[in-house]
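Q: Sequence:
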Amino acid sequence: MSIEQYQRTVNNLDKEIATLEQKKASFDKKAADQEKKAAGVSISKNASASMINSKKRQIERYSKESNKAKEQSANLMKKIADKRKKRNDAYSKLQKKQHLEIKRQNNLIVNMQSDYEKQIEELTSKVLSFNEKQLAVTDTMNEENEKQEYDVFISHAWEDKEDFVDDFVKDLNSLGVTTWYDKSQILWGDSMRKKIDEGLKKSRFGIVILSPNYIAEGKYWTKAELDGLFQLESINGKKLLPIWHKLTKKEVMDFSPTIAGKLAMNTSSLTSKEIAEKMQYFLENINGDQ
1 MSIEQYQRTV
11 NNLDKEIATL
21 EQKKASFDKK
31 AADQEKKAAG
41 VSISKNASAS
51 MINSKKRQIE
61 RYSKESNKAK
71 EQSANLMKKI
81 ADKRKKRNDA
91 YSKLQKKQHL
101 EIKRQNNLIV
111 NMQSDYEKQI
121 EELTSKVLSF
131 NEKQLAVTDT
141 MNEENEKQEY
151 DVFISHAWED
161 KEDFVDDFVK
171 DLNSLGVTTW
181 YDKSQILWGD
191 SMRKKIDEGL
201 KKSRFGIVIL
211 SPNYIAEGKY
221 WTKAELDGLF
231 QLESINGKKL
241 LPIWHKLTKK
251 EVMDFSPTIA
261 GKLAMNTSSL
271 TSKEIAEKMQ
281 YFLENINGDQ
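Numbering (full-length UniProt numbering), first residue to last: 1 to 290.
What the hints contain is simulated information worked out from the structure, not anything from laboratory work.
By construction, the Cβ of each residue, glycine as well, lies at the ideal position given by its N, Cα and C atoms.
It is possible that part of the hints are untrue.
Stated by the list, open to error - Here are the simulated DSBU-like cross-link-like pairs (lysine-lysine), alpha carbons at most 30 angstroms apart as the crow flies:
hint	residue 1	residue 2
1	Lys202	Lys118
2	Lys85	Lys170
3	Lys97	Lys85
4	Lys239	Lys250
5	Lys262	Lys250
6	Lys68	Lys55
7	Lys23	Lys85
8	Lys249	Lys278
Stated by the list, open to error - Now the in silico label distances, taken between C-beta atoms and shown as ranges:
hint	residue 1	residue 2	range
9	Glu274	Glu198	26 to 34 angstroms
10	Met1	Glu217	35 to 43 angstroms
11	Asp28	Leu100	16 to 24 angstroms
12	Lys250	Leu100	51 to 59 angstroms
13	Lys250	Glu121	44 to 52 angstroms
14	Asn11	Lys56	13 to 21 angstroms
15	Leu263	Leu175	18 to 26 angstroms
16	Ala264	Thr178	44 to 52 angstroms
17	Lys78	Ser54	50 to 58 angstroms
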C-alpha cells in the first residue's frame with residue numbers, strides 16, 4: 001500500500017472509533033439512568049402486597065434495561081479495542097512508509113546535487129569553449145559589418161508599394177537612411193533570389209512591412225525574405241523591425257507569435273514620415289552606443 005492508502009485507512013479507522021465511542025457513551029448514560037430510576041423506586045411500610053409486587057417489577061424492569069445497556073456498551077468496547085488495534089497497526093506501517101519515503105527523497109536530493117555539480121562543470125567547460133568561438137564569431141561579424149552598404153532592407157508585398165512603401169522609402173532616403181529596395185536594386189534580367197540574398201547580407205537591419213497582402217497565402221517571396229531575416233537575426237544578431245500596415249494584433253499573432261511579441265510601428269497611428277523619423281533616431285542612437 002502507498003502512503004496515501006495507509007493515511008486514508010488511519011483516517012477512516014479514527015472516524016469509526018469516534019462513532020463507536022459516541023454510541024458507547026450513549027449506552028453508558030442509559031445504563032446509569034436506568035440504575036438511578038431503579039434506586040429511586042420506594043416502597044412504603046404500609047404498601048399492600050400488590051403494590052409491593054408492582055414496585056418490584058418496576059425495579060426489575062429498570063435493572064434489566066440497565067444491564068442490557070451495559071451489555072451493549074461492553075460489546076462496543078470490544079469493537080473499539082479491535083478498531084484501535086487495526087488503527088495502531090496501520091499507523092505503524094504509515095510511519096514506516098513515510099520514513100522510507102523521506103530516505104528516498106534525501107537520496108534523490110543527494111543525486112540531484114551531484115548531477116547539478118556535474119552540469120556546472122560541463123557548463124563551465126562549454127562557456128570557456130563558447131567564449132573562444134564567440135571571439136571568432138565576433139571577428140566574422142566585424143568583417144561582415146565592413147561589407148554592409150545599407151542601413152535597412154525593406155521587406156514588403158508589392159501590392160503595398162503605391163499606398164505606403166514607395167512614400168516610406170522616399171521619406172527614409174530624404175533623412176539620409178540608406179535602403180535596399182527591390183524597385184531600385186533589381187533590374188530587368190537579374191536573379192531575384194540572388195539579389196535579395198545580397199541585399200539581406202549587406203543590410204544592418206530589416207524592416208518588415210506586415211500587411212494583409214504580406215501574410216496572404218501563396219506569398220513565396222515575402223516568406224523567403226522573412227525567413228532570411230530571421231536567420232540573420234539568430235546568427236548575426238541583426239534586428240528585425242516590424243511595421244503593421246492595416247493589420248490587427250490578432251492577425252499578426254495568428255501569422256507569427258514571434259513577430260507579434262516585438263515592439264512595432266503602426267501605420268494606423270503614424271504617418272510614413274513619422275516612422276521614417278523614428279528609424280533615423282533609432283540609427284543615430286545605435287551608432288552612438290557603438
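Q: Each hint should be assessed against the structure and marked as holding or not.
A: To see whether the hints hold, each was checked on the structure:
1. Straight-line distance between C-alpha atoms of Lys202 and Lys118 comes to about 43 angstroms, which puts the hinted pair past the 30 angstroms bound.
2. Annotation: proposed proximity of Lys85 to Lys170 is violated, straight-line Cα distance about 92 angstroms (limit 30 angstroms).
3. Simply put, Lys97 and Lys85 have alpha-carbon atoms about 18 angstroms apart, close enough for the 30 angstroms limit, and the pair holds.
4. Distance restraint check for Lys239 and Lys250: the Cα-Cα separation of roughly 23 angstroms lies within the 30 angstroms cut-off, and the hinted pair is therefore satisfied.
5. A C-alpha spacing of about 14 angstroms is found between Lys262 and Lys250, which places the hinted pair at or below 30 angstroms, so the restraint holds.
6. Our distance criterion of 30 angstroms between C-alpha atoms is met by Lys68 and Lys55, whose separation comes to about 20 angstroms.
7. Only pairs whose Cα atoms come within 30 angstroms are accepted, and Lys23 paired with Lys85 is accepted, the gap being roughly 19 angstroms.
8. For the suggested pair Lys249 and Lys278, the alpha carbons sit about 21 angstroms apart, so the restraint of at most 30 angstroms is met.
9. Range check, Glu274 to Glu198: about 30 angstroms between beta-carbon atoms, so the 26 to 34 angstroms window is met.
10. Between Met1 and Glu217, the C-beta spacing of about 59 angstroms breaks the proposed range 35 to 43 angstroms.
11. At about 42 angstroms, the beta-carbon gap between Asp28 and Leu100 misses the expected band of 16 to 24 angstroms.
12. Against the hinted window of 51 to 59 angstroms, the Cβ-Cβ separation of Lys250 and Leu100 comes to about 54 angstroms, which satisfies the hint.
13. As the Cβ distance of Lys250 to Glu121 is approximately 47 angstroms, the hint placing it in 44 to 52 angstroms holds.
14. For Asn11 and Lys56, the hinted distance range of 13 to 21 angstroms is not satisfied, since their beta carbons lie about 50 angstroms from each other.
15. Taking 18 to 26 angstroms as the suggested C-beta distance range, the pair Leu263 and Leu175 conforms, at roughly 20 angstroms.
16. At about 22 angstroms, the beta-carbon gap between Ala264 and Thr178 misses the expected band of 44 to 52 angstroms.
17. Against the hinted window of 50 to 58 angstroms, the Cβ-Cβ separation of Lys78 and Ser54 comes to about 37 angstroms, which falls outside the hint.
The structure fails to meet hints 1, 2, 10, 11, 14, 16, 17 from the earlier list, while all remaining hints are met.
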